[in-house]
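*Asks:* What follows is each chain in one-letter form.
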Amino acid sequence: MDDVSEVVRIPLGGGGEEPTEQRASPPPADWFTLAARAAVGLVSLGAEASIQIIRIASGTPERDLGPLTSDSVALLAGAALGLAIEAVRTAAALAELGWRAAGPPASFIIGTVAEAPRRAGADLLDRWNQSWREERPEVQAVANAVAVEATRRAIDLVLDQLDLTQLVLDHVDINRIVASVDLNEVVEQLDVDAIVGRVDLDGVAARIDVDTVADRLDIERVIARLDLAKLSLEVIERIDLPEIIRTSTGTVASESVRVVRMQTFGADRAISGLVNRMLGRSTTGGSADRGDLDATGD
Amino acid sequence: MTETEPPAILTVPAEARSFQGDRAGIVSRVLANAIDLAILVVVLGAGYLGWSAWLFLRRGASFRFPTVTYQGTYVVGAIVLTLLFTVAWSTTGRSYGDRLLGLRVIGRRGDRLGLAAAFVRAVLCVAFPPLLFWAIVDRRSVQDLVLRTAVIYDWAEQPRSSPPPDPS
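So the sequence lines, in the order shown, correspond to chains A and B.
Here our numbering is used: the first residue of the first sequence is 1, the next is one more, and so on.
Here our numbering is used: the first residue of the second sequence is 1, the next is one more, and so on.
FYI, nobody ran anything at the bench for these hints, they're computed from the structure.
Beta carbons: idealized from backbone N, C-alpha and C, even for Gly.
Misleading hints may appear alongside valid ones.
Derived contacts from chain A toward chain B, CB cut-off under 8 Å, selection only [what the hints assert, rightly or not]:
| # | residue |
| --- | --- |
| 1 | W132 |
| 2 | D268 |
| 3 | S272 |
Please take these sequences and the hints and turn them into a complete structure.
*Replies:* Structure below.
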């Protein structure tokens, strides 16, 4: 009960325009009469209640007052109330008459007097509105910038306090997300050449199982492109295959021939050296012989 | 030999590779000729025996070993030796003695001698053997000087495939 009684009820919607309606349509005369009767009734009830309270307080029983006293009071009260009602009715009639007589001029005066402030207020509002319209883009831009910056900083502050990665790992089904991605379309947008350029192909090649690759090669085609004769000769020369064959399958005869050849070569060189010394020629050995030779095959 | 050519397989021992292609000295050449003369003796003896066998088949009981004179033997030996040298030098470039000693006869361009050149050289060598000893001085015999041939160390079985350019 306290809540209801203490609520301050504020008239909403059209409260400010109530005087205008009152001016346009004055209340009926019965309104005053009804209000007066209600007031008188209230006063009567109040009076009766007061008397009752006084009587209880004084301890005087109702019968002790006597019929005359009770009736007198009632008579006086009724007379007073009737008078009051009549007075109110008269006043209401007068007021209605006065209102009808003075209503239009009063409305004119009130309208005239109130029009200037109202127009001034409207003009002021228009100017403010116009000013707002002119300033609106810039103000909105500034407001947007401020809002964006503020939002960004706020988000940064929030993000600094959060471990987003852990949050995502805890609460997001990444497999489901990946399954919903069209990887082919992603790959088409990639610059694969640039990616390959960043790859250590040597390192990759070192990890390749060459045997598996070799199994898939057409070896015969590769061999067909090789100069096997030249390659074989180079190999034979490098490993000194003739020497290997000689040492492994040499016979006494070939070894004897070899010794005889070397000994005769030594004898040739000795005699040449002796002759050269006798003739006073420079002895440069085989190279001189080769240099003088017209047809040695070198 | 240039680097663009395929490498030749050297069948000669490593210690002998340094002097392959050099002119042969007098010892090698004389020894080779001595072996060739021994071969000639064997050939002549075989020829003699063959001829005797032929006469034995023809004459039967009246067979007697044919008598050979020094002049006849020398002429026949010279002819046979010339033929042997000609065939040897024009085909493999080396006689049997040359082959044992690892020598080879080559022409002015380092190639094998032609049949005519081989025959002329064989005639000169057989007719004037002492001219060989000029090789003591020059490592070239007079025959080599005349015919512009050479005898070189070549232990390889196959002659060299790339003749040197003509120095003249």
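*Asks:* The structure should be examined with respect to each hint, and the outcome stated for every one.
*Replies:* Outcome of the hint check:
1. A cut of 8 Å between beta carbons decides the hint on W132/A: the least distance to chain B is about 94 Å, and the hint is violated.
2. Look at D268/A: its Cβ gets to within about 2 Å of chain B, closer than 8 Å, so that hint holds up.
3. Here the hint on S272/A is kept, as its CB sits about 6 Å from the closest CB of chain B, short of 8 Å.
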